[in-house]
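These protein sequences, in sequence, are chains A and B. FYI, full-length UniProt numbering numbers position 254 of the first sequence as 254, with every residue one higher than the one before it. FYI, full-length UniProt numbering numbers position 258 of the second sequence as 258, with every residue one higher than the one before it.
For the record, the hints were derived by calculation from the structure and aren't laboratory data. Worth double-checking, as some hints may not be accurate.
Unchecked claim - In the EDC-like style, the derived pairs of lysine to aspartate or glutamate whose C-alpha atoms are separated by at most 16 Å in a straight line are:
hint: 1; chain 1: A; residue 1: K204; chain 2: B; residue 2: E270
hint: 2; chain 1: A; residue 1: K200; chain 2: B; residue 2: E270
hint: 3; chain 1: A; residue 1: K201; chain 2: B; residue 2: E270
hint: 4; chain 1: B; residue 1: K35; chain 2: B; residue 2: D201
hint: 5; chain 1: B; residue 1: K7; chain 2: B; residue 2: E93
hint: 6; chain 1: A; residue 1: K200; chain 2: B; residue 2: E268
hint: 7; chain 1: A; residue 1: K262; chain 2: B; residue 2: D225
hint: 8; chain 1: B; residue 1: K324; chain 2: B; residue 2: E307
hint: 9; chain 1: A; residue 1: K204; chain 2: A; residue 2: E79
hint: 10; chain 1: B; residue 1: K7; chain 2: B; residue 2: D75
hint: 11; chain 1: A; residue 1: K94; chain 2: A; residue 2: E79
hint: 12; chain 1: A; residue 1: K94; chain 2: A; residue 2: E75
hint: 13; chain 1: A; residue 1: K204; chain 2: B; residue 2: E268
hint: 14; chain 1: A; residue 1: K137; chain 2: A; residue 2: D108
hint: 15; chain 1: A; residue 1: K242; chain 2: B; residue 2: E263
hint: 16; chain 1: A; residue 1: K204; chain 2: B; residue 2: E269
hint: 17; chain 1: A; residue 1: K94; chain 2: A; residue 2: E119
hint: 18; chain 1: B; residue 1: K76; chain 2: B; residue 2: E93
hint: 19; chain 1: A; residue 1: K201; chain 2: B; residue 2: E269
hint: 20; chain 1: A; residue 1: K262; chain 2: B; residue 2: D216
hint: 21; chain 1: A; residue 1: K200; chain 2: B; residue 2: E269
hint: 22; chain 1: B; residue 1: K35; chain 2: B; residue 2: E9
hint: 23; chain 1: A; residue 1: K201; chain 2: B; residue 2: E268
hint: 24; chain 1: A; residue 1: K242; chain 2: B; residue 2: E74
hint: 25; chain 1: A; residue 1: K262; chain 2: B; residue 2: E263
hint: 26; chain 1: B; residue 1: K76; chain 2: B; residue 2: D3
hint: 27; chain 1: B; residue 1: K76; chain 2: B; residue 2: E9
hint: 28; chain 1: B; residue 1: K88; chain 2: B; residue 2: E74
hint: 29; chain 1: A; residue 1: K262; chain 2: B; residue 2: E268
hint: 30; chain 1: A; residue 1: K269; chain 2: B; residue 2: E263
To be verified - For each label pair, taking beta carbons as the anchor points, the in silico distance ranges come out as:
hint: 31; chain 1: A; residue 1: P295; chain 2: B; residue 2: E132; range: 54 to 62 Å
hint: 32; chain 1: B; residue 1: S29; chain 2: A; residue 2: M309; range: 44 to 52 Å
hint: 33; chain 1: B; residue 1: D77; chain 2: A; residue 2: R271; range: 50 to 58 Å
hint: 34; chain 1: A; residue 1: I273; chain 2: B; residue 2: E139; range: 13 to 21 Å
hint: 35; chain 1: A; residue 1: N283; chain 2: B; residue 2: H136; range: 25 to 33 Å
Every residue gets a Cβ at the ideal spot worked out from N, C-alpha and C, and that includes glycine.
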Amino acid sequence: MTEAILKVRNLTKHFHLDSPIPFKKSDQSVKAVDGVSFDVFQGETLGVVGESGCGKSTMARLVNQLITPTKGTVELNGENLVDMNKERLRVFRKTIQMVFQDPFASLDPRKTVGELIAEPLVIHKIGNKASRRERVKELLEVVGLRGSHSGRYPHEFSGGQRQRINIARALALNPDVIICDEPVSALDVSVQAQVINLLKKLQKDFNLTYIFISHDLNVVRYMCDRIAVMYLGKIVEMGTYKEIYEDSKHPYTRALLSSIPKESPNEVKERIILSGSVPSPINPPSGCHFHERCPFAMEICKIKPPELMDVGNGHQSSCHLLELENNPMKAIPTKKKEELKCH
Amino acid sequence: MSDMLLKVENLEVQFRSGSTLTKAVNGVSFSLNRKENIGIVGESGSGKSVTATSLLRLIPDPPGKITGGKIIFEDKDLLKLSDKAMRKIRGNEISMIFQDPSTSLNPVYTVGNQIVESIETHQHLNRKEAKEKAVHMLELVGIPEARKRFSMYPHEFSGGMRQRVMIAIALACNPKLLIADEPTTALDVTVQAQILNLMKDLQHSIDTSIIMITHDLGVIWESCDKVLVMYAGNVVESGTVQEIHDNPLHPYTWGLLDSQITESVSSEEELSTIPGSPPDLSLDISGCPFAARCPFAEEICLEKTPEMIEAAEGHFTACHFQTKEHRLDRKEAKVDDRSNIKS
């Protein structure tokens with residue numbers, strides 16, 4: 001197996017809440033990301049899924065040090081980014097870029113597209129004016145826009161085109177890793193398909209590694225090689241997309257998958273409908289964070305938080321049910337590949 | 001008594017801004033029976049929301065104006081009613097749920113207050129009875145501890161809970177028609193499944209018709225009887241959900257169906273897309289609005305606007321080449337689409 005390009009260990013971020021008493025530090029904190037560990041390998045796409053508020057986006061920002069973690073390490077090509085001095089971090093940031101969700105908010109409306117795409121080159125002092133102009137043209141063509149568009153402003157482009165500009169910007173410094181934070185959620189289906197095709201093509205052409213964050217389970221299944229399912233700041237299950245979609249071991253993953261809308265009017269879906277919503281990360285439930293909504297919750301789930309354990313071939317899951325002899329989840333059929341194909 | 005609840009004929013809505021005139025809705029016709037659910041699907045800017053808001057005459061005037069057509073609700077033409085008569089219908093006989101539950105509730109009033117407001121406006125109940133009814137509505141939409149929640153503010157509710165409150169307000173007066181404008185787009189999949197279920201249950205108990213506006217075909221399969229496919233202010237295809245799913249006729253509908261990522265799409269194959277983007281509605285479009293993006297377009301499509309014809313029983317479409325005598329082959333479209341992407 002290839003070497004991991006990115007190693008994340010025990011990554012934690014607690015945001016301290018303002019105390020009602022001035023000058024006194026509050027002892028309450030939002031545990032946005034709570035001890036997350038994973039590896040990302042060269043050339044693969046790691047998907048991160050979960051409901052809003054589960055810490056997906058915070059995790060992305062921690063990985064490229066846009067916010068400083070409370071605890072934990074992020075190793076990129078063998079060097080720890082946490083505690084790195086600013087100068088060196090700046091050099092390392094070149095290799096890890098980001099594409100954000102909202103193509104309307106993430107481009108400065110007062111800069112031309114050419115200036116926007118050249119900005120990372122200027123910041124990192126690469127090339128001169130003329131060579132930058134060449135590079136911008138080249139990048140615009142790579143993402144399927146015309147080189148002559150560089151003098152236009154963001155408002156002259158549609159949502160899909162703006163997302164292409166964002167991607168061009170992320171590519172400007174020839175990064176190894178691109179973190180895509182819900183890159184297609186704000187787009188229409190037909191445009192969404194265009195952008196996804198582009199991302200896939202770029203990955204092949206430039207040997208990119210993606211961390212792909214999304215709440216759309218179908219998009220994640222299509223894009224990703226491996227998937228991490230997050231719930232309340234923790235990874236509850238991680239495995240290849242086959243393991244997750246066809247043989248998931250965690251009740252939360254099952255419930256998420258069963259809530260994907262129907263694909264045809266005739267399909268009869270057996271739903272595990274979760275009651276309530278994600279609990280507050282300020283005071284997460286004791287034991288397993290999921291026990292209040294879990295249809296299989298047992299006594300032990302309320303007391304002891306389950307560990308993430310290996311269930312074979314690097315497929316990890318954290319659930320007390322896995323320790324049981326007769327796991328009630330086995331009774332629920334999952335979709336096997338054959339069934340999916342003949343659909 | 002006829003079964004027809006709503007009949008829209010040739011609805012036209014235009015927006016004027018400076019010297020540009022945007023034809024947002026361009027002759028939309030459909031009818032809706034009692035207890036029936038109709039879905040309107042299309043990309044952003046296709047005029048689905050404008051159609052729905054003009055049913056309640058909520059289009060801001062200026063800049064918008066309903067310039068033509070009829071909206072027959074039961075036996076009244078809503079476009080001919082006085083403002084006062086219209087107010088009696090809004091929220092009472094026809095009510096609406098909006099996309100974003102966090103901006104459609106008033107943050108400075110308690111949730112209970114906002115439900116009571118709707119009840120007091122339309123029903124002859126005193127304060128106490130109205131409050132009882134409001135609490136009952138909250139219980140009906142599945143909000144636990146309804147009496148306590150009654151006096152809480154919208155910010156104390158989660159997204160899904162707020163949407164439940166919106167539904168409670170909308171249904172408080174037992175409307176005959178409920179317009180739901182992307183009611184689940186802002187919600188997580190798990191919560192979306194809850195809300196769609198809730199709407200289905202409530203529909204059975206209150207007997208309302210629903211107009212469901214969405215860009216997600218999954219939601220349509222889940223909850224509608226009939227579908228209108230809209231493109232650039234026109235209805236391009238309409239029929240029962242079953243017909244549209246099994247036997248879609250319009251090339252745009254094909255594009256829409258093909259670009260959905262479903263479980264049956266393998267991650268090895270490229271996604272099919274609709275090349276280009278929707279036309280600018282402030283320019284005059286001669287001929288078929290989809291012609292510029294249609295893989296089958298020929299001379300006639302650019303010159304003559306296709307009429308809506310009944311291509312199969314109860315299944316209408318507006319395409320020059322989809323008639324009873326002549327049919328296009330959908331397979332060809334797929335091949336064509338592919339070559340478009342590569343070139």
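Here is what the structure says about each hint:
Our distance criterion of 16 Å between C-alpha atoms is met by K204(A) and E270(B), whose separation comes to about 13 Å. Of the pairs offered as hints, the one joining K200(A) and E270(B) holds, with about 9 Å between alpha carbons and a cut-off of 16 Å not exceeded. For a cut-off of 16 Å, the pair hint linking K201(A) to E270(B) stands: about 9 Å separates their Cα positions. Note on K35(B) and D201(B): the hinted pairing holds, with a Cα-Cα distance of about 13 Å set against a maximum of 16 Å.
For the proposed pair K7(B) and E93(B), the alpha carbon gap of about 15 Å is at most 16 Å, so the pair holds. At roughly 10 Å between alpha-carbon atoms, K200(A) and E268(B) fall within 16 Å of each other, so this suggested pair holds. Taking the CA atoms of K262(A) and D225(B), the gap is about 14 Å. The hint holds against a cut of 16 Å. Between K324(B) and E307(B) the CA atoms are separated by roughly 13 Å; this keeps the pair inside 16 Å, and the hint holds.
Distance restraint check for K204(A) and E79(A): the Cα-Cα separation of roughly 26 Å exceeds the 16 Å cut-off, and the hinted pair is therefore not satisfied. Using a Cα cut-off of 16 Å, the hinted pair K7(B) and D75(B) holds, with the two alpha carbons roughly 9 Å apart. With a C-alpha separation of about 14 Å, the suggested pair K94(A) and E79(A) falls inside the 16 Å cut-off, and the hint holds. Taking the CA atoms of K94(A) and E75(A), the gap is about 15 Å. The hint holds against a cut of 16 Å.
At most 16 Å may separate the alpha-carbon atoms for a hinted pair to count; K204(A) and E268(B) meet this at roughly 12 Å. For the suggested pair K137(A) and D108(A), the alpha carbons sit about 19 Å apart, so the restraint of at most 16 Å is broken. Proposed proximity of K242(A) and E263(B) is supported: the alpha carbons are some 12 Å apart, at most 16 Å. Of the supplied pair hints, the one linking K204(A) and E269(B) holds, its CA atoms being roughly 14 Å apart against a limit of 16 Å.
For the suggested pair K94(A) and E119(A), the alpha carbons sit about 12 Å apart, so the restraint of at most 16 Å is met. Between K76(B) and E93(B), the direct Cα distance comes to roughly 12 Å. Compliance with the 16 Å bound is thereby established for this hinted pair. Between K201(A) and E269(B) the CA atoms are separated by roughly 12 Å; this keeps the pair inside 16 Å, and the hint holds. Taking the CA atoms of K262(A) and D216(B), the gap is near 10 Å; set against the 16 Å cutoff, the hint holds.
For the proposed pair K200(A) and E269(B), the alpha carbon gap of about 11 Å is at most 16 Å, so the pair holds. Our distance criterion of 16 Å between C-alpha atoms is broken by K35(B) and E9(B), whose separation comes to about 20 Å. For the suggested pair K201(A) and E268(B), the alpha carbons sit about 12 Å apart, so the restraint of at most 16 Å is met. Taking the CA atoms of K242(A) and E74(B), the gap is near 52 Å; set against the 16 Å cutoff, the hint is violated.
The suggested pairing of K262(A) with E263(B) holds, with an alpha-carbon distance near 10 Å, which does not exceed 16 Å. A distance of roughly 15 Å separates the Cα atoms of K76(B) and D3(B); the hinted pair therefore holds under the 16 Å criterion. Of the pairs offered as hints, the one joining K76(B) and E9(B) holds, with about 13 Å between alpha carbons and a cut-off of 16 Å not exceeded. Distance hint between K88(B) and E74(B) is fulfilled; the C-alpha atoms sit about 14 Å from each other, no more than 16 Å.
Note on K262(A) and E268(B): the hinted pairing is violated, with a Cα-Cα distance of about 22 Å set against a maximum of 16 Å. For the hint linking K269(A) to E263(B), the alpha-carbon distance of about 13 Å falls within 16 Å, and the restraint holds. Separated by about 34 Å at the C-beta atoms, P295(A) and E132(B) break the suggested range of 54 to 62 Å. Judged by the Cβ atoms, the range 44 to 52 Å given for S29(B) and M309(A) is violated: they are separated by roughly 60 Å.
A hinted range of 50 to 58 Å is violated for the C-beta pair D77(B) and R271(A), which are about 42 Å apart. Taken as a hint, the range 13 to 21 Å holds for the pair I273(A) and E139(B), whose Cβ atoms sit roughly 18 Å apart. Our hint of 25 to 33 Å for N283(A) and H136(B) holds, since their Cβ atoms are close to 31 Å apart.
Hint compliance for this structure: hints 9, 14, 22, 24, 29, 31, 32, 33 are broken, all remaining hints hold.
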